[in-house]
Amino acid sequence: MQLLWRSIWAAALLCAFGVSALANDVRLTSRDGGIEIEGTLLTYDGEFFRVDTIYGPLTLDGEGVTCDGPGCPDLNAFVANIRMSGTNRMAEVLVPALIQAFAMRNGLTVTREVASDRQSTFVLNDKDRVKARFSLSSGTTAEGYADLIAEEADIALVLREPNKDEVAMARVASSGDLLKGRRARVVALDGIVAVAALGQPLRSISLKDMAAAVSGEAKHWSDIGGPDVPIVRHLPDPASGLYEAFVDHVLKPNGLSVATEATHHTLLQDVADHVADDTFAIGITTLSEIGNTLPMKVAGTCGFETNATLSALRAEDYPLTLPLMLYTPARRLPLMAREFLEFTQDPAADLIIRRAGFVDQAITKTRFDDQGDRLAHAISQAGPEVSLENLQGMVAALRDRDRLSTTFRFTGGTRLDVQSQENVIRLARALETGVFNGRDLLLAGFSDGDGPAGPNLSLSLKRARSVLSLLKEAAPDVDLDRVTIQPAAFGEALPMACDDTEWGRAINRRVEVWVK
1 MQLLWRSIWA AALLCAFGVS ALANDVRLTS RDGGIEIEGT LLTYDGEFFR VDTIYGPLTL
61 DGEGVTCDGP GCPDLNAFVA NIRMSGTNRM AEVLVPALIQ AFAMRNGLTV TREVASDRQS
121 TFVLNDKDRV KARFSLSSGT TAEGYADLIA EEADIALVLR EPNKDEVAMA RVASSGDLLK
181 GRRARVVALD GIVAVAALGQ PLRSISLKDM AAAVSGEAKH WSDIGGPDVP IVRHLPDPAS
241 GLYEAFVDHV LKPNGLSVAT EATHHTLLQD VADHVADDTF AIGITTLSEI GNTLPMKVAG
301 TCGFETNATL SALRAEDYPL TLPLMLYTPA RRLPLMAREF LEFTQDPAAD LIIRRAGFVD
361 QAITKTRFDD QGDRLAHAIS QAGPEVSLEN LQGMVAALRD RDRLSTTFRF TGGTRLDVQS
421 QENVIRLARA LETGVFNGRD LLLAGFSDGD GPAGPNLSLS LKRARSVLSL LKEAAPDVDL
481 DRVTIQPAAF GEALPMACDD TEWGRAINRR VEVWVK
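Just so it is clear: in the sequence shown, position 166 is 166 by my numbering, and no numbers are missing.
Hints are computed from structural coordinates only; laboratory data are not their basis.
Hints are not guaranteed to be accurate.
Below, a list of computed lysine to any residue pairs in the SDA-like style, where the Cα atoms sit at most 25 Å apart [as the list claims (entries may be wrong)]:
#1 K462 with N390
#2 K297 with P201
#3 K180 with A506
#4 K516 with E342
#5 K127 with E342
#6 K208 with P238
#7 K252 with D223
#8 K131 with R105
#9 K365 with D402
#10 K365 with A276
#11 K164 with S469
#12 K164 with P329
#13 K516 with E389
#14 K219 with H265
#15 K297 with R505
#16 K516 with A453
#17 K472 with R426
All chains should be built: construct the whole structure from the sequences, respecting the hints.
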């Protein structure tokens, strides 16, 4: 009864009105007969009714009510219909592989119904009947968000967070705040890479030069440190999430746009094939689609270079890490959909993700002795604000530990980026299941070098404490008598990139996890 009343008042105060002309009328009555709600059935997810009423849309627990009227579903024959729409990077390979693994884990068989090149449905059956239908629409990230906002999709398959226009559209459509709550599930990782032919002598490139080469500001390779020959450009589809992410992270920060003479390709395989056949071409693709090309390292003016390796992507040490996300609506999804979302975060899904050609988020370790390049760079960048004593103190604290791939990065201040928010959940799950029992975890906070060293040291400690608080909140059942977790701060002492660019400063603002 209390649950029913809470649902009514919450919906009456917070929900906007919405009417579906295709739905049917129902009357929901509480088990004791004390309350009746009449309205138009919007959805039934196997557990909860969503009904449009005079109070607005209400979500009511099916176990607490009886249903009467032409719109009442057959509770014993419910089929979860889950619509997914978005980038073909996920819809054509990754998500189908995860659906099939999810079905196998639950003892269900799968058949695939193909409607067109862009539309297919995976039907999950037990021995008696159909349990769920996962409908996939392959397109772009923008289309995924549009379908989610219009409630034509239950889950959007996307390569970026929603932009300002999409956030505004969702509010107008009463679809809630796309940036509020845990709307995104990072399923896998990839990297945006600039690629060249194996014969290209230039093997590293700064983001500024990458922008110049792709935009056409640099006409010849010699303009960015290469041979004196024209640059040929091969780029992804302008409607793709990859292209949008590249524009947002590389071109816009440098005030540039794409050259009109660039060749765009619908398939990333075509980008790789054309670049591989032309020594003087540059392409923008993903690490999973480099083909026979050479991915170029990202260089900074201070001499530090970062390669798109598996470990660098997991730790977000590579500046153009690309998260592949399942974006969910504010409304409640069917139980089967929620279980699928949980499965994508389970370690059992990591092997499926790797086999599909992407980078999983498994927690891996790197020995301190394998951190030589980072330490050498830290020593080379040390100045008046980072003394030898500071470096010695950091080495003493870390030398007997291994670094976990789980890293927490901040968009500014102490707000975590979307990949790091998922890292909190994954590390919390590992803590609760006893993976680190008997171990000592050090949350090592670092800052960029912008500003005085003292405040930066304080801010890095604040970030480490913030991560500790989030971990405790996400893992309420962890036995802190069995594992030690403590924050520490090292400020500017161990930069991952040069501080003269925004991306370099963003890479340096982080909390690393070191274990012994």
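For each hint, the structure was consulted:
1. Straight-line distance between C-alpha atoms of K462 and N390 comes to about 18 Å, which keeps the hinted pair within the 25 Å bound.
2. For the suggested pair K297 and P201, the alpha carbons sit about 13 Å apart, so the restraint of at most 25 Å is met.
3. Proximity of K180 to A506 is assessed by CA-CA distance (about 22 Å); at most 25 Å being required, the pair is judged to hold.
4. For a cut-off of 25 Å, the pair hint linking K516 to E342 is broken: about 29 Å separates their Cα positions.
5. Our distance criterion of 25 Å between C-alpha atoms is met by K127 and E342, whose separation comes to about 24 Å.
6. Only pairs whose Cα atoms come within 25 Å are accepted, and K208 paired with P238 is accepted, the gap being roughly 20 Å.
7. With a C-alpha separation of about 20 Å, the suggested pair K252 and D223 falls inside the 25 Å cut-off, and the hint holds.
8. A C-alpha spacing of about 14 Å is found between K131 and R105, which places the hinted pair at or below 25 Å, so the restraint holds.
9. In summary, the hint linking K365 to D402 is supported, as the alpha carbons are separated by about 6 Å, within the 25 Å threshold.
10. Simply put, K365 and A276 have alpha-carbon atoms about 34 Å apart, too far for the 25 Å limit, and the pair is violated.
11. This hinted pair does not check out: K164 and S469 have alpha carbons roughly 30 Å apart, beyond 25 Å.
12. The hinted pair formed by K164 and P329 meets the criterion: a straight-line CA distance of about 17 Å does not exceed 25 Å.
13. A hinted pair counts as satisfied when its Cα atoms are at most 25 Å apart, and K516 with E389 qualifies at roughly 23 Å.
14. At roughly 21 Å between alpha-carbon atoms, K219 and H265 fall within 25 Å of each other, so this suggested pair holds.
15. Distance check on the hinted pair: K297 and R505 sit about 18 Å apart at the alpha-carbon level, within 25 Å; holds.
16. Restraint check for K516 and A453: not satisfied, since their Cα atoms lie roughly 28 Å apart, outside the 25 Å limit.
17. Distance restraint check for K472 and R426: the Cα-Cα separation of roughly 13 Å lies within the 25 Å cut-off, and the hinted pair is therefore satisfied.
Taken one by one, the earlier hints fail for this structure at numbers 4, 10, 11, 16, listed in ascending order.
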